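The lines below spell out each chain.
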Amino acid sequence: MKINDVVKAEEGEIFDIELDENILKANAELAQQNRELLRKQGVKAIDVMGSIGAGKTSLIEKMVQKLKTHYRIAVFKGDLTTTIDAEIIGKHGVNVVAINTGKECHLDANLVQKALRRLDLEATDLLFIENVGNLICPAEFPLGSEKRIVVISVTEGPYMVVKHPFIFMDADVAVINKIDLAEAMGVDIAKLQNDVKKINPKTKTVTTNCRTGKGVDQVIAALNL
Amino acid sequence: MHEGSITSQIVENVLREAEKRKAKRVLEVHLEIGKLMFLNPEQVHFWYQMLTKNTILEGSQLLIEEKPGTVKCPKCGYEGDFQYVDDPALHMPMPTLNCPKCDGTVKIVSGKDCFIKTVKMLI
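In the order they appear, the protein sequences are chains U and B.
Under this note's numbering, the first residue of the first sequence carries the number 1, and numbering increases by one thereafter.
Under this note's numbering, the first residue of the second sequence carries the number 226, and numbering increases by one thereafter.
So that you can see chain U by itself, here it is in the shape it has in the complex:
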């Protein structure tokens, strides 16, 4: 018999190793540490997430103006780069830490932990954490805050909510901004509100025009501030 080929057994033994390792555990643990630190220091932290250009910074600006006599406020301002928005908010006399992610499309608990070290927590009662403009990724990375706001605007069209159901599942308050433009955009606000309600009946929906400040008091009330 002619030998065509030789099959060699690999040396060693094959083992099945149980790892059961959670890939997102590292972020979840850091978020928990942030949550505990904030609670211990008596700081109420609120995430502000939302699409690009929806009006997250404008909403924070308006809330800061209304709340700064009642609370000692600080703001973390997440962006890929630049401190443009951080400076806009800083003009209102509150502490702002700009978090530049460089290339990442969302904040994570590690970056927030670093920013918390730069802040005098003893002198802070209320912290707004503005995420990078994005309706997808921030849903996956909890930061350790107490409440979450999601901001969208009518200029993004009528399907923003149904296209991004996951981020609304975690939202305590959904803000629909730029309502003064709804008619021009042909967007039905009641339909957007109903979409939010369908996904998470517990999410409170507020309509705003953050340029004039219309509806901002209702956002503040929805956050129990």
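If you are wondering where the hints come from, they were derived from the structure by calculation, not from laboratory data.
Keep in mind that this is a model prediction, so the values were computed, not measured.
Glycine included, C-beta positions come from ideal geometry on N, C-alpha and C.
Honestly, I wouldn't trust all of these hints.
Chain B stretches covered by chain U per the calculated footprint, using a threshold of three residues with CB under 8 Å from any CB of chain U [as the list claims (entries may be wrong)]:
| no. | region |
| --- | --- |
| 1 | 229 to 237 |
| 2 | 256 to 269 |
| 3 | 282 to 291 |
| 4 | 321 to 327 |
For chain U, the structure is supplied; the task is to place chain B on it using the hints.
Chain B only, in chain U's frame:
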């Protein structure tokens, strides 16, 4: 959405484990992805192939099991799958936090995670 970075973390973790055990080769990695994760199996496979090149994981099988999400209703005690809104315009059923059994709002129990379950190694 983060297939690249998350797959790179998976490969790193398996490599670390393999080095610890002085494995010669990794033959199989069994992954469990929750339904609520933004991880598309096709893209995870693609990245896995790229990232395992020239490592002892090269040529190994990546098995991905998608786990359904589970929810629990604090009002009636229902435990199980989400209630979906099946609007044809959405192309895929949209999960909601409405309880399928009563008018309560459910809490998410699982589905937002990604586990490396087991790894088959040649040691």
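To see whether the hints hold, each was checked on the structure:
1. 229 to 237: holds (count 3)
2. 256 to 269: Holds: 3 residues of the region 256 to 269 of chain B have a Cβ under 8 Å from chain U.
3. 282 to 291: violated (count 0)
4. 321 to 327: It holds, with 3 qualifying residues against the three required.
In this structure, only the earlier hint numbered 3 is contradicted, and the remaining ones agree with it.
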